[in-house]
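A.B. asks: The residues making up each chain are set out below.
4 protein chains.
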Amino acid sequence: MTRLPHAEVPLTVQFHDCDPLGVVWHGHYARYFEHARSALMDGIDYGYEQMRDSGYAWPVIDLHVRYVKAIRLGQKLRVRAALQEWEHRLKIGYELRDADSGEKLARGHTIQVAVTVPEFEMQLVSPAILAHKLGLAP
Amino acid sequence: MTRLPHAEVPLTVQFHDCDPLGVVWHGHYARYFEHARSALMDGIDYGYEQMRDSGYAWPVIDLHVRYVKAIRLGQKLRVRAALQEWEHRLKIGYELRDADSGEKLARGHTIQVAVTVPEFEMQLVSPAILAHKLGLAP
Amino acid sequence: MTRLPHAEVPLTVQFHDCDPLGVVWHGHYARYFEHARSALMDGIDYGYEQMRDSGYAWPVIDLHVRYVKAIRLGQKLRVRAALQEWEHRLKIGYELRDADSGEKLARGHTIQVAVTVPEFEMQLVSPAILAHKLGLAP
Amino acid sequence: MTRLPHAEVPLTVQFHDCDPLGVVWHGHYARYFEHARSALMDGIDYGYEQMRDSGYAWPVIDLHVRYVKAIRLGQKLRVRAALQEWEHRLKIGYELRDADSGEKLARGHTIQVAVTVPEFEMQLVSPAILAHKLGLAP
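Chains as they are written, first to last, in my numbering: chain A, 1 to 138; chain B, 139 to 276; chain C, 277 to 414; chain D, 415 to 552.
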């Protein structure tokens, strides 16, 4: 059985990420997730440029974030993205942890589907290029 | 039976909301939701200032967004927030619709819990002030 | 003498605009300016869509913001954009005022130049379409 | 003569930084600057936490950005912040360069002044703590 790919990036919480309560505003986690997702997709050579060249875009159709513990200004994080499903849609799971203690701070997922560009026609099965990039097909 | 409150705000998609695909970047929906949530909470006289004065903050502990149809630059929207649960946590549901056609573009929810300020101690039952603001208690 | 166009939009400061000091984070003023600039350009029928159809993009090449007084959560604003130069470049001036008191809170400018799309070739003179849209040429 | 401190951080342009033209939206440069400024201030042990502990906040009162060349999705950058003035105000200059070629992509500055917390009373001379942190006073 082939193991699905994952990636991890380090991040430091910036002043502009934090709200009047002094913690990261909840909407910014989508940016943190995207840093890790982008590293994951670059790792299988299927980043935004390769997607476009393949004739597809992969819009996010579902986002879920579970906030476990408030994240503070200056805190150092590790954001992990792991591919969970790929055959019909691209489901990626995320974990945010404190870089020092390893404590879990948040988790979540995104779901993306392939659409043709420029027609934006949704594909019910992931195009062959994805299995190829994952090393699961020739 | 008392009907729970809701609120609706109009929004126009700005250039800075849109990504290289020419549509609203998925992470920005959390800002759109917050516009409507803020109108909802102001409507029951329990906005951020009143929350702080009441000794509580209400951090978001769960966010879900379901993207139904891509939203384009310049599109005019109506964002609706409706209170769904309040006894143990504040659950608010959202709908984004095209302002002209009424077509549904996205839906989602946020869940917030009360924490004491400045101790950040989580409350398992919503503090009495919330029922009072909702007109459900003296 | 023809008077150059201007536009004004109302805005209410949102929670996600504010930083740990409880005031609008300085980088977000560029979004506030863009709301007013977008209204100004729509007003002369030369918004982003019309720009693209005309074969040009107008990237911002210079931004200046002078912060006069801190802007607080929930504060209601009026943002004014006024065209100041157009022959060789598009220079727009901005003023942010408190909607109630009229007190000036910030001022600034952006400078944009026309570039051909998709070549991104910079134009040293604004293309004829701009004077036409401004009603200064047939 | 003592040399004033500077700092440099690496950054990779993310999808959420880019606009419908496929380049970094001009307002996001303020975030890039802040990454480098934060590294600079941490380097002299006068980051946001130390500022607050010293009884002062340092709001930005002036921002200027000059955009030299459009920055593209995925591009790797070096952002440099260098202290330029400190006696009456904190003036920091910035340079954004392509990490590979060294080509200059943007420059700019921010000006900050000390205000007492929580009174927000502006100081016309930088408080002694700054000279101390800079190693220019005992």
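Hints are computed from structural coordinates only; laboratory data are not their basis. Treat the hints loosely; a few may be bogus.
What the hints assert, rightly or not - Only pairs whose alpha carbons sit at most 27 Å apart, straight line, appear in this in silico DSSO-like list of lysine-lysine:
(1) D/LYS483 / D/LYS505
(2) A/LYS91 / B/LYS242
(3) A/LYS69 / B/LYS242
(4) A/LYS104 / A/LYS133
(5) A/LYS133 / D/LYS490
(6) C/LYS367 / D/LYS547
(7) C/LYS367 / C/LYS380
(8) A/LYS91 / B/LYS214
(9) D/LYS505 / D/LYS547
A.B. asks: Keeping to a limit of 27 Å between CA atoms, is the pair of D/LYS483 and D/LYS505 held or broken?
C.D. replies: This hinted pair holds, its Cα atoms lying about 24 Å apart.
A.B. asks: Is it true that the CA of C/LYS367 sits at most 27 Å from the CA of C/LYS380?
C.D. replies: At roughly 20 Å apart (the allowed maximum being 27 Å), C/LYS380 and C/LYS367 satisfy the hint.
A.B. asks: Does A/LYS133 lie within 27 Å of A/LYS104 when you go C-alpha to C-alpha?
C.D. replies: violated (30 Å)
A.B. asks: Between the alpha carbons of A/LYS91 and B/LYS214, is the straight-line distance 27 Å or under?
C.D. replies: violated (30 Å)
A.B. asks: Can the restraint linking A/LYS69 and B/LYS242 be considered satisfied, given a maximum Cα separation of 27 Å?
C.D. replies: Answer violated: A/LYS69 to B/LYS242 is near 33 Å, above 27 Å.
A.B. asks: Run the distance test for C/LYS367 versus D/LYS547: straight-line Cα separation, threshold 27 Å.
C.D. replies: violated (40 Å)
A.B. asks: Given the proposed pairing of A/LYS133 with D/LYS490, does the C-alpha separation stay at or below 27 Å?
C.D. replies: holds (24 Å)
A.B. asks: Given the hint that A/LYS91 pairs with B/LYS242, test it: the Cα-Cα distance must not exceed 27 Å.
C.D. replies: With a Cα-Cα distance of about 23 Å, the restraint between A/LYS91 and B/LYS242 holds, given a limit of 27 Å.
A.B. asks: Check whether the Cα positions of D/LYS505 and D/LYS547 lie no farther apart than 27 Å.
C.D. replies: holds (16 Å)
Hint violations for this structure: numbers 3, 4, 6 and 8, all remaining hints satisfied.
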